[in-house]
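So the protein sequences, as listed, match chains G and R.
Here numbering that gives the first Met the number 0 is used: position 331 in the first sequence is 330, and no number is missing along the way.
Here numbering that gives the first Met the number 0 is used: position 199 in the second sequence is 198, and no number is missing along the way.
No lab work stands behind these hints, which were simulated from the structure alone.
In this text, all values refer to a predicted model and were calculated from it rather than measured experimentally.
Glycine included, every Cβ here is placed at the ideal spot set by N, Cα and C.
You may find that some hints are simply not true.
Claimed, not checked - Taking CB as the label site, the calculated pair distances span:
{"hint": "1", "chain 1": "R", "residue 1": "E330", "chain 2": "G", "residue 2": "Q226", "range": "24 to 34 Å"}
{"hint": "2", "chain 1": "R", "residue 1": "A96", "chain 2": "G", "residue 2": "A33", "range": "33 to 43 Å"}
{"hint": "3", "chain 1": "R", "residue 1": "D311", "chain 2": "G", "residue 2": "Q226", "range": "28 to 38 Å"}
{"hint": "4", "chain 1": "R", "residue 1": "P40", "chain 2": "G", "residue 2": "R142", "range": "35 to 45 Å"}
{"hint": "5", "chain 1": "G", "residue 1": "R150", "chain 2": "R", "residue 2": "G95", "range": "27 to 37 Å"}
{"hint": "6", "chain 1": "R", "residue 1": "A131", "chain 2": "G", "residue 2": "A25", "range": "35 to 45 Å"}
What the hints assert, rightly or not - Beyond 12 Å from chain R on every Cβ pair, some chain G residues (computed):
{"hint": "7", "residue": "S32"}
{"hint": "8", "residue": "R169"}
{"hint": "9", "residue": "P236"}
{"hint": "10", "residue": "H284"}
What the hints assert, rightly or not - Which bits of chain G does chain R cover? Going by a derived footprint, with three or more residues having C-beta under 8 Å, they are:
{"hint": "11", "stretch": "198-205"}
{"hint": "12", "stretch": "211-221"}
Protein chains: 2
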Amino acid sequence: MSQLSLANPAPSLADHHTQDRNDVAALADQIESAGGFPATPTSGTIFSRLAERARRLEALDRVCRKGFRDADADCLRAAQVLLAQIYAERLRVPTGAGIERRPSAEADDIAELIESYLLGFEDRAVDEKVVASAPRTGTAMARWMRELVERHPATAHPFYTDFMRRATRRDLEYYSIQETTLDPRFDDAMALLQLGTPDIAKMEIAKNYWDEMGNGEMDRIHTKLFQTVLNVFGITPSAVRQQLRTESIACGNLSMTMVLQRCHFHKAIGYYGVTEYVVPFRFGHVVEAWQRLGLDPAGLDYYHVHYQIDADHGSAWFDHVVAPIVDAQPETAPLIARGAMYRLNSSERYLNRLLSDVSGGSGHA
Amino acid sequence: MSQLSLANPAPSLADHHTQDRNDVAALADQIESAGGFPATPTSGTIFSRLAERARRLEALDRVCRKGFRDADADCLRAAQVLLAQIYAERLRVPTGAGIERRPSAEADDIAELIESYLLGFEDRAVDEKVVASAPRTGTAMARWMRELVERHPATAHPFYTDFMRRATRRDLEYYSIQETTLDPRFDDAMALLQLGTPDIAKMEIAKNYWDEMGNGEMDRIHTKLFQTVLNVFGITPSAVRQQLRTESIACGNLSMTMVLQRCHFHKAIGYYGVTEYVVPFRFGHVVEAWQRLGLDPAGLDYYHVHYQIDADHGSAWFDHVVAPIVDAQPETAPLIARGAMYRLNSSERYLNRLLSDVSGGSGHA
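Just chain G, with the same shape it has in the complex:
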């Protein structure tokens, strides 16, 4: 029954858009429920399989265009959720029926396509003049990075410096849920970031990794300390799934994009340098709110350890990762600056969203 009639009207453009978005969402659901991306089918020819893939990528391209270019919130979320599912599989030990299933290389086509829109979106938010002005010597660049971070509105954001003074228990629960897109895999981000790096930078990133691993003490593994934060509120995976904002997923995805492909290495060291350097401007306010509310102090270890360690890490990162690389390759300075801007801008967007939610915007219930 392919013939069109009044009973079967031709689908409108809007219907096509909805169908595209639903297909993208369905693929993300399929990856989650099956524990991973489908394997490459064994039937058909290489040509027929890639022709099918092209059709799916063209639909995804339309969804990305509407989401990242035309600010369609539903399309943006569908694309970000799909990318998050693809990335999650790369950072997860397989289990169950799919324990040996290699995700089809189609997953990398999908990641490449979404990443191109995601980075294009970030690039449009970057002030090119600032990036171009990054100094070409290590010491000057490290100083410039510190000033860049200290000046940016994301760093001492009012969500931390102001709102935390009146945050409720529910607000902190909501905040902890949003933080799950990076904090539980920070050790893995460091492990990926150090791949193939030169000596001094490698050792500094390795030290970050080893600190994340509690310097060999099982009870001090940072991801375990973060899990304790979640346990204080009884936060479940399904609560995370339901309440994660698109801006939180976006921060998690951008953090992983930076480390999953070596082509982003120089941006990544700017990005993660900022990530560590801003912590002392922020976590102290969380600790105060935590204590004011009389929450279980077991959850504070995570904040204390980062409050102390990251004050050192952030500064050491600029001196021991950024500076030697800029001295060796001065042309990388604008890339490093660009990555720093990615983090500052995406973090600001994220905190603006949280502040709006908890201050009577769309709410967080």
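Given the coordinates of chain G, assemble chain R onto it according to the supplied hints.
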């Protein structure tokens, strides 16, 4: 001039094969000279780009079939060299003109295709009855693994136990060249292997990584100690490129296949457990040869540190990585055993090749 004539005879099937293999070799050369895989072209439609890709993958498929299935040495080498080039880019900080170039997702299609042949080749060499007999409890599995390794002809291979007694300086140089496909990136292999692993296993692999990183001492980073080995002989990258045997490239590729996709995680912990456990059976003979020949003792640090550390690592790996995972998921035992067999068999093939080369086979000049 597409018309066929006697002056332009139709190419024979053999010519097609040569053309396919030359195309594969040319792509590997292009990746090496450009510092990475080409980016996805921006011209054309998604469909037209994937149609072009399908044609290239079909040619590669023919080369792999001849190489891995029909034992064509030239095709096997072309496919292995291409995979090695694709993997190298994933473990290298970008430089030069391609510093921001994301390798096209086509690289993952190519890797997936070659990996499927490479793992099929290893699977055909595995004794399925041995794999199926792997115990389903942690303690028993750890014991079984030790016995498996100690019994296998690869472990105390005559290349080490016998030939090393009469090896010349040139033989040790040749051997050091062949070892470059895994040793200089062992830390990165550990960093990849630990991604997303559960607590106890993660900490054991992290300790391996941190040992590789000299426990934070720059001069004790194992990859630097290995570089000292190469320096003793004045081994250059171009010497490595010219003298690497296909069996050496194959070992390096298999080692990376195991860690670059999480779907191989369980095979990988068997694979790397064996890799560490066999070291004490082998490196002592290298040390003796080194001393007998009066080579620069600076190069011995690498062997000493592994001779001591890996005796602990290998055994701890079976107890702290393999055993808890088998106890938690008994169905993974055959996968772990399969990975162990991959390492034992590929290592035996590699050492047989080296022994043949240095014992008057094809020589190593």
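Results of checking the hints against the structure:
1. Separation of R:E330 from G:Q226 is about 26 Å and conforms to the stated range, judged on CB atoms against 24 to 34 Å.
2. Range check, R:A96 to G:A33: about 40 Å between beta-carbon atoms, so the 33 to 43 Å window is met.
3. At about 29 Å, the beta-carbon gap between R:D311 and G:Q226 stays in the expected band of 28 to 38 Å.
4. As the Cβ distance of R:P40 to G:R142 is approximately 41 Å, the hint placing it in 35 to 45 Å holds.
5. Separation of G:R150 from R:G95 is about 32 Å and conforms to the stated range, judged on CB atoms against 27 to 37 Å.
6. With their beta carbons about 38 Å apart, R:A131 and G:A25 fall inside the hinted range of 35 to 45 Å.
7. Under the 12 Å C-beta cut-off, the non-interface status given to G:S32 relative to chain R holds; the minimum distance is some 17 Å.
8. The beta carbon of G:R169 sits about 30 Å from the closest Cβ of chain R, which is more than 12 Å, so the claim that it is off the interface holds.
9. With a least beta-carbon separation of about 15 Å from chain R, G:P236 lies farther than 12 Å from that chain, consistent with its non-interface assignment.
10. With a least beta-carbon separation of about 30 Å from chain R, G:H284 lies farther than 12 Å from that chain, consistent with its non-interface assignment.
11. Here's how the stretch 198-205 of chain G fares: 5 of its residues keep a CB closer than 8 Å to some CB of chain R, so the rule of at least three is met and the hint holds.
12. Given as covered by chain R, the stretch 211-221 of chain G passes the check, having 4 residues with a CB less than 8 Å from a CB of that chain where 3 are the minimum.
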